[in-house]
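Generate the whole structure from the sequences, applying the supplied hints.
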Amino acid sequence: DAMVIQNPRYQVTQFGKPVTLSCSQTLNHNVMYWYQQKSSQAPKLLFHYYDKDFNNEADTPDNFQSRRPNTSFCFLDIRSPGLGDAAMYLCATGSRDIYNGYTFGSGTRLTVV
Amino acid sequence: DAKTTQPPSMDCAEGRAANLPCNHSTISGNEYVYWYRQIHSQGPQYIIHGLKNNETNEMASLIITEDRKSSTLILPHATLRDTAVYYCIESGGSNYKLTFGKGTLLTVNP
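Sequence order for the protein chains is A and B. So for the first sequence, our numbering puts the first residue at 1; every next one is plus one. So for the second sequence, our numbering puts the first residue at 1; every next one is plus one.
Keep in mind that the hints were calculated from the coordinates and are not lab data. In this text the structure is predicted, and so the values were computed from the model without any measurement. Glycine included, each C-beta is placed from N, C-alpha and C at the ideal position. Misleading hints may appear alongside valid ones.
[To be verified] Simulated DEER-style distance windows between Cβ atoms: (1) Q14/A x N30/B: 42 to 48 Å; (2) N56/A x N30/B: 46 to 52 Å; (3) N30/B x N70/A: 41 to 47 Å; (4) F75/A x T26/B: 40 to 46 Å; (5) D11/B x Y10/A: 31 to 37 Å; (6) M3/A x K52/B: 45 to 51 Å; (7) N63/A x E58/B: 39 to 45 Å; (8) L80/B x D59/A: 45 to 51 Å; (9) G16/A x T79/B: 31 to 37 Å; (10) N70/A x K69/B: 39 to 45 Å; (11) G16/A x P76/B: 35 to 41 Å; (12) F73/A x A17/B: 27 to 33 Å; (13) D59/A x N19/B: 32 to 38 Å.
[Unchecked claim] Beyond 12 Å from chain B on every Cβ pair, some chain A residues (computed): (14) Q11; (15) F15; (16) K17; (17) T20; (18) S24; (19) N28; (20) N55; (21) S72; (22) G84; (23) A86; (24) L90; (25) G105; (26) G107.
[What the hints assert, rightly or not] Derived list of chain B stretches under chain A, where covered just means 3 residues or more per stretch with a C-beta under 8 Å from a C-beta of chain A: (27) 39–48; (28) 99–105.
Right, here's the structure in full:
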């Protein structure tokens, strides 16, 4: 089945040590999104790619970066994780051409120690 | 910022219909209304979406008012597994981002 896959499901990283989360999709959607979701809060959009065009949300910290080497893959890089970056990170995909909804991955839960 | 408003919580008895309201009074003509739900510690799950006509699928029905300023998601026979946070979101046209509001925590009780 076409889907959005996030790896790993759980990630533990040390304070200040760079970490990369990955997302892949088999839907061939042109838009990919990264969300951060802290405990008991709604998902918060960090940035998205429309094809190769990167779109950052105004309040996303510089500590968060993203790469999209091809249509299928997108990465979230946290350059120097702090304790406040512990959260669930969600990847989603969407298509401008087909209004059939947006598909989310299962998320990566990041713990910073 | 999210432009929809939903009650923070609702209860429903198992087997009964759950009717979840949403106000989206500033929705533009080419924006759809999307409903997602999120069960604890999982990614949001797509439920249904609509533009101006009522919609039904295997999961739910969506009733959109004629002026499009509000909608109701209906789960016809709620089960315990429908306990989740339900999000109503506007998206479409030039707005292709999903911006989440606080959603409604639906608790289905035995």
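Verification of the supplied hints:
Our hint of 42 to 48 Å for Q14/A and N30/B holds, since their Cβ atoms are close to 46 Å apart. Under the hint 46 to 52 Å, the C-beta atoms of N56/A and N30/B, about 25 Å apart, miss the expected range. In this structure, N30/B and N70/A break the distance hint of 41 to 47 Å, their C-beta atoms being roughly 30 Å apart. Under the hint 40 to 46 Å, the C-beta atoms of F75/A and T26/B, about 34 Å apart, miss the expected range.
Judged by the Cβ atoms, the range 31 to 37 Å given for D11/B and Y10/A holds: they are separated by roughly 32 Å. Between M3/A and K52/B the CB atoms are about 30 Å apart, so this pair departs from the stated range of 45 to 51 Å. In this structure the hint that N63/A and E58/B lie 39 to 45 Å apart at CB holds, the actual value being about 42 Å. Take L80/B and D59/A: their Cβ atoms lie about 37 Å apart, and the range 45 to 51 Å is violated.
About 45 Å separates the C-beta atoms of G16/A and T79/B, a value inconsistent with the hinted range of 31 to 37 Å. At roughly 41 Å, the beta carbons of N70/A and K69/B sit within the given window of 39 to 45 Å. Evaluation of the 35 to 41 Å hint for G16/A and P76/B yields a failure: the beta carbon distance comes to about 51 Å. Separation of F73/A from A17/B is about 42 Å and departs from the stated range, judged on CB atoms against 27 to 33 Å.
For the pair D59/A and N19/B, the beta carbons lie near 34 Å from each other, so the given range of 32 to 38 Å is met. With a least CB separation of 14 Å from chain B, Q11/A remains clear of the 12 Å interface cut-off, as annotated. For F15/A, the shortest C-beta to C-beta distance to chain B comes to about 23 Å, beyond the 12 Å cut-off, and the non-interface label holds. No beta-carbon of chain B is positioned within 12 Å of the beta-carbon of K17/A; the least distance is around 24 Å.
The beta carbon of T20/A sits about 19 Å from the closest Cβ of chain B, which is more than 12 Å, so the claim that it is off the interface holds. For S24/A, the condition that its CB be more than 12 Å from all CB atoms of chain B holds, with the nearest at approximately 14 Å. For N28/A, the requirement that its beta carbon stay farther than 12 Å from each beta carbon of chain B is met, with the minimum near 16 Å. In this structure N55/A is not separated from chain B by more than 12 Å, as the shortest Cβ-Cβ distance comes to only about 8 Å.
At the 12 Å boundary, the C-beta of S72/A stays outside the reach of chain B, the nearest C-beta of that chain being 18 Å off. Every beta carbon of chain B lies more than 12 Å from that of G84/A, the smallest distance being close to 20 Å; the non-interface claim holds. The Cβ of A86/A sits about 14 Å from the closest Cβ of chain B, beyond the 12 Å cut-off, so the non-interface label holds. With a cut of 12 Å on Cβ distances, L90/A falls inside the contact zone with chain B, its closest approach being about 6 Å.
For G105/A, the non-interface assignment is contradicted: its Cβ lies about 5 Å from the closest Cβ of chain B, within the 12 Å cut-off. Remark: the non-interface label on G107/A conflicts with the geometry, its nearest Cβ contact in chain B lying 5 Å away (cut-off 12 Å). Judged by the Cβ-Cβ criterion of 8 Å, the region 39–48 of chain B is covered by chain A as claimed, because 6 of its residues qualify and three suffice. Residues of the region 99–105 of chain B with a Cβ under 8 Å from some Cβ of chain A number 5, which satisfies the need for three, so the listed coverage holds.
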